[in-house]
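Protein sequence lines correspond, in order, to chains E and B. If you use our numbering, the first sequence corresponds to residues 1 to 362, in order. If you use our numbering, the second sequence corresponds to residues 363 to 493, in order.
Simulated from the structure, these hints should not be mistaken for laboratory data. Be careful, since some hints might not be right.
Said to hold, decoys possible - Only pairs whose alpha carbons sit at most 30 Å apart, straight line, appear in this in silico DSS-like list of lysine-lysine: (1) Lys337(E) / Lys262(E); (2) Lys337(E) / Lys70(E); (3) Lys302(E) / Lys422(B); (4) Lys405(B) / Lys422(B); (5) Lys462(B) / Lys278(E); (6) Lys384(B) / Lys422(B); (7) Lys316(E) / Lys262(E); (8) Lys188(E) / Lys70(E); (9) Lys337(E) / Lys422(B); (10) Lys316(E) / Lys278(E); (11) Lys33(E) / Lys302(E); (12) Lys402(B) / Lys278(E); (13) Lys302(E) / Lys402(B); (14) Lys422(B) / Lys316(E); (15) Lys405(B) / Lys302(E).
As the list claims (entries may be wrong) - Non-contacting residues of chain E with respect to chain B, defined by C-beta distances greater than 10 Å in every case (computed): (16) Arg221; (17) Gln309; (18) Ile311; (19) Ala347.
Glycine included, each C-beta is placed from N, C-alpha and C at the ideal position.
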Amino acid sequence: MNFIPEELVVERGCESSVIFNNLRSTLPQVPVKLVDDVRLGAAGSDSANQFGAAKRKLYLTRHRGEFFKKCPGSEGQVCCNYFVINFASNCPMDCSYCYLQEYLADNASLKVFSNIGDLIDEADRTLRKHRGHFFRIGTGEITDSLALEPYTGIVRELIPYFAEQPNVLLELKTKSDCVDNLLDLDPKGRIVVAWSMNPQPVIDRDEHGTASFAERLLAARRCQQAGYRLGFHFDPMIEYPGWETDYQSMVAEIFASIDWRKVCWLSLGVLRETPGLKRVMRQRFPRTRLLAGEQVLCPDGKLRYFQPQRIRMYRKMVQWIRQSAPTVQIYLCMESKEIWQQVFGFAPACEKELGNRMAPVD
Amino acid sequence: MDWLEEIALRESEPIQRILADKFIYDSNTDPRLGRADRLKRVKEQLRRRRYPRLARTEDKIRSHISALKLHPAIRLSVLPGLEGGQLSVEFQAGSVAEFKAAATKLSDAIPLSSLAAIFNLLSGHAEKEQS
Chain E
1 MNFIPEELVV
11 ERGCESSVIF
21 NNLRSTLPQV
31 PVKLVDDVRL
41 GAAGSDSANQ
51 FGAAKRKLYL
61 TRHRGEFFKK
71 CPGSEGQVCC
81 NYFVINFASN
91 CPMDCSYCYL
101 QEYLADNASL
111 KVFSNIGDLI
121 DEADRTLRKH
131 RGHFFRIGTG
141 EITDSLALEP
151 YTGIVRELIP
161 YFAEQPNVLL
171 ELKTKSDCVD
181 NLLDLDPKGR
191 IVVAWSMNPQ
201 PVIDRDEHGT
211 ASFAERLLAA
221 RRCQQAGYRL
231 GFHFDPMIEY
241 PGWETDYQSM
251 VAEIFASIDW
261 RKVCWLSLGV
271 LRETPGLKRV
281 MRQRFPRTRL
291 LAGEQVLCPD
301 GKLRYFQPQR
311 IRMYRKMVQW
321 IRQSAPTVQI
331 YLCMESKEIW
341 QQVFGFAPAC
351 EKELGNRMAP
361 VD
Chain B
363 MDWLEEIALR
373 ESEPIQRILA
383 DKFIYDSNTD
393 PRLGRADRLK
403 RVKEQLRRRR
413 YPRLARTEDK
423 IRSHISALKL
433 HPAIRLSVLP
443 GLEGGQLSVE
453 FQAGSVAEFK
463 AAATKLSDAI
473 PLSSLAAIFN
483 LLSGHAEKEQ
493 S
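Between the sequences and the hints, there should be enough to build the whole structure, so can you do that?
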């Protein structure tokens with residue numbers, strides 16, 4: 001990862017936080033600006049590419065809302081009962097299909113939250129209250145879980161707590177290879193490090209600023225050797241001339257490198273975007289071929305490859321995965337029961353059923 | 363305009379050359395058609411070029427529906443874009459006899475290979491595969 005922010009904008013009161021100390025010690029060359037209100041410090045750039053410009057500075061602020069929430073999912077689609085914890089907002093990478101371009105269009109500044117203690121307290125209240133319930137919690141909904149870890153050390157603060165919780169799997173989802181901070185910690189079977197994966201040609205064309213496929217795979221192997229469970233998200237899957245060869249090779253290479261029996265789950269999802277996101281993509285990445293796929297508008301308001309096409313894609317991926325990992329848990333992200341039925345021959349009865357399938361068998 | 367730009371992007375062709383395509387040009391210059399009809403035909407040609415595999419799949423499904431030779435009063439259709447994977451069946455009946463006639467026609471269509479082919483296409487199977 002080569003990201004270095006141009007400036008650290010720090011909300012007054014955050015200087016005593018562990019996160020601030022980590023930022024100062026790892027980024028001594030980056031100027032620091034203290035502000036009373038980061039929202040004023042984040043006032044709009046003159047750049048025509050405001051969303052891209054917003055990623056160049058790093059803001060440190062207290063989070064004043066809830067950290068812990070249910071993943072919003074997508075209306076009418078099978079839900080996997082996922083929860084999310086947001087310790088940062090936005091991401092230093094710049095994938096052309098990223099939904100944050102639309103979702104955070106009005107609040108694009110790259111932020112990390114200093115009050116990690118509040119996050120842990122809030123999680124603790126929920127987890128203790130519902131000890132009989134299994135929680136699968138992700139940290140990569142509106143950020144990359146590890147891309148800023150070399151500077152913030154946030155995940156190092158979270159792992160010791162979540163590793164002790166009997167009813168949790170905490171997922172750190174990333175496109176980076178920033179795992180050094182994790183390797184000397186004991187995850188105790190409660191932490192899953194997961195990579196969004198695509199073949200290198202897709203990474204080159206549309207996953208700007210991310211680690212290469214080889215780098216992600218090496219990081220996965222290192223985490224597995226350090227005792228972490230793994231996950232892989234083949235999402236978004238992109239259809240293009242030669243995609244079958246590239247994706248089949250990618251799957252084979254992954255399972256030649258890691259022990260599939262230590263993989264918690266794999267998810268599949270095709271490229272999808274709202275019409276609004278497509279307009280943003282067209283504006284920011286006018287030459288991306290992602291705009292030229294045969295996508296149709298689906299009932300949940302998102303564009304996806306037309307249904308028979310994406311069923312074929314899912315079936316092929318499942319076939320290739322099963323050749324190497326015969327019993328690994330595979331699920332579809334944001335797809336209907338009809339698609340599940342066509343791909344797997346069954347559909348989960350409810351979100352709890354699917355969520356419980358992901359629970360570890362210790 | 364989006365379709366034109368996306369076709370140009372995918373095929374690395376200038377928009378002028380796309381618009382000079384024979385089918386599009388013929389639709390746009392047919393003197394027998396009014397302006398609205400010409401526009402409709404041009405849009406359809408552009409749609410077929412923008413979504414070639416979707417259009418071919420829809421054509422195959424329409425062809426199989428025709429091959430079932432159902433009564434004109436029975437209408438089979440699929441959603442544009444084939445989302446949902448469902449085949450819709452509509453008919454109207456003014457009497458028990460008409461209802462029975464339509465139901466019999468539909469029942470007679472069940473063993474026909476075209477019916478299986480329609481569902482194979484909707485479920486992402488190649489035409490020759492069995493569902």
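Taking the hints in turn, this is what the structure says about them:
no.: 1; hint: Lys337(E) / Lys262(E); result: holds (28 Å)
no.: 2; hint: Lys337(E) / Lys70(E); result: holds (20 Å)
no.: 3; hint: Lys302(E) / Lys422(B); result: holds (26 Å)
no.: 4; hint: Lys405(B) / Lys422(B); result: holds (20 Å)
no.: 5; hint: Lys462(B) / Lys278(E); result: violated (49 Å)
no.: 6; hint: Lys384(B) / Lys422(B); result: holds (23 Å)
no.: 7; hint: Lys316(E) / Lys262(E); result: holds (23 Å)
no.: 8; hint: Lys188(E) / Lys70(E); result: holds (24 Å)
no.: 9; hint: Lys337(E) / Lys422(B); result: holds (25 Å)
no.: 10; hint: Lys316(E) / Lys278(E); result: holds (27 Å)
no.: 11; hint: Lys33(E) / Lys302(E); result: violated (40 Å)
no.: 12; hint: Lys402(B) / Lys278(E); result: holds (25 Å)
no.: 13; hint: Lys302(E) / Lys402(B); result: holds (25 Å)
no.: 14; hint: Lys422(B) / Lys316(E); result: holds (23 Å)
no.: 15; hint: Lys405(B) / Lys302(E); result: holds (22 Å)
no.: 16; hint: Arg221; result: holds (34 Å)
no.: 17; hint: Gln309; result: violated (7 Å)
no.: 18; hint: Ile311; result: violated (3 Å)
no.: 19; hint: Ala347; result: holds (13 Å)
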